[in-house]
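Trainee: The lines below spell out each chain.
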Amino acid sequence: EAQVTQNPRYLITVTGKKLTVTCSQNMNHEYMSWYRQDPGLGLRQIYYSMNVEVTDKGDVPEGYKVSRKEKRNFPLILESPSPNQTSLYFCASTDYQTRAQYFGPGTRLLVL
Amino acid sequence: DAKTTQPPSMDCAEGRAANLPCNHSTISGNEYVYWYRQIHSQGPQYIIHGLKNNETNEMASLIITEDRKSSTLILPHATLRDTAVYYCIAPGAGSYQLTFGKGTKLSVIP
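Residue numbers (this note's numbering), protein chains in the order written: chain G, 22 to 133; chain C, 25 to 134.
Mixed in with the good hints there might be a few duds.
[What the hints assert, rightly or not] Lysine-lysine pairs mimicking DSS-like chemistry, simulated, CA-CA at most 25 angstroms apart: (1) G/K86 x G/K39; (2) G/K78 x C/K129; (3) G/K78 x C/K27.
Hints in this document: simulated from the structure, not taken from any laboratory.
Just chain C, with the same shape it has in the complex (with noise of 0.2 angstroms):
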């Protein structure tokens, strides 16, 4: 696995746009970066993935810079209840395995 570092807390207005940060220098050509967000003691949930395009879900988007050091994702207009801890993950290509570190705990405050 590619190591990533996430600000360990972010805040974000009700109705703006959250931009997540990780970095994951290390991370290899065919690696995929993985978001997943834990709200509260819930199952972990699954946004989105990419290897080196923008991707856009119904959940969110991922830019991935062009040389795949670092990636943002975006929730275009956060809401409450979007508050919860994100994770950033680089499983080893081909890897089945993810490895949690302690993400970003994004607060949207009203």
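Here chain G stands alone, though its shape is the one from the complex (with noise of 0.2 angstroms):
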């Protein structure tokens, strides 16, 4: 089944505790991404990745960092997290040709 999965669903954590979220698809797709979602802002990009080791800065990059090292993983890295990046995280990855994205299910953050 194509899907795109992410671990952990839910997560817990204390303020500068480095965290990952990890993200893989088994689409083939070169295109990545990462979102977060918050009440009243709606979704909104973090970081993308056009292909392995091509990564770039979506709409709210600060505080995150990424690496894309083989095509189908994209992990979100929090190096010092913070109360204000609780949220709810999404990867996606999207089809070349008809550049529909897929989303995960979703990871929900609660930085203490």
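Assembling the complex is the task here: the two chains are given apart, and the hints tell you how they should meet.
Mentor: Okay, structure coming up:
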């Protein structure tokens, strides 16, 4: 089954403790991206990657890092999380031909 | 991205067709229109997209006006599971970036 998976699905952490949210897709898509969703602000893009070793900032990249060492994986790294990064995070991968995006189930993060 | 305008909310009776409108009067000739939906805090789900011709798939139909300034997503027989926020998006030609607006909250009523 074609899918995007994220782990963990829920995470509670404390300020400053580094964490990584993993994202994996099995559709051989080159383009992947990360979004965060906050009440009243909708979905906003954090980072995206056009291909392996090619990443770029989205609309709200501050406080986040990403890496793309393999086509299927696109982890999101919070080196020093802060409470304002409490949010619902989605990973997505995009079909090159149709440009349709396929989203993961989401990771709900609470930073205390 | 072309700006899109959608009504904030709509109701639809279960079993009836749900017709969700979207205005995109500034869309350029080679910009596609995409529809996604998000069921309460789940990941957004791709539904359908089109350029100028009407499109249909197993989930929905997309009707685009001839002048391409508006479109309508049609769910032919709405069920309770279709209750969701529906987003109409027109990313720039060749762009992979999606800008989500507020969408239309569709409530399917028994």
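Trainee: Which numbered conditions among the earlier hints are violated in the structure presented, ordered from lowest to highest?
Mentor: Going through the list in order, the structure violates hint 2 alone and respects the others.
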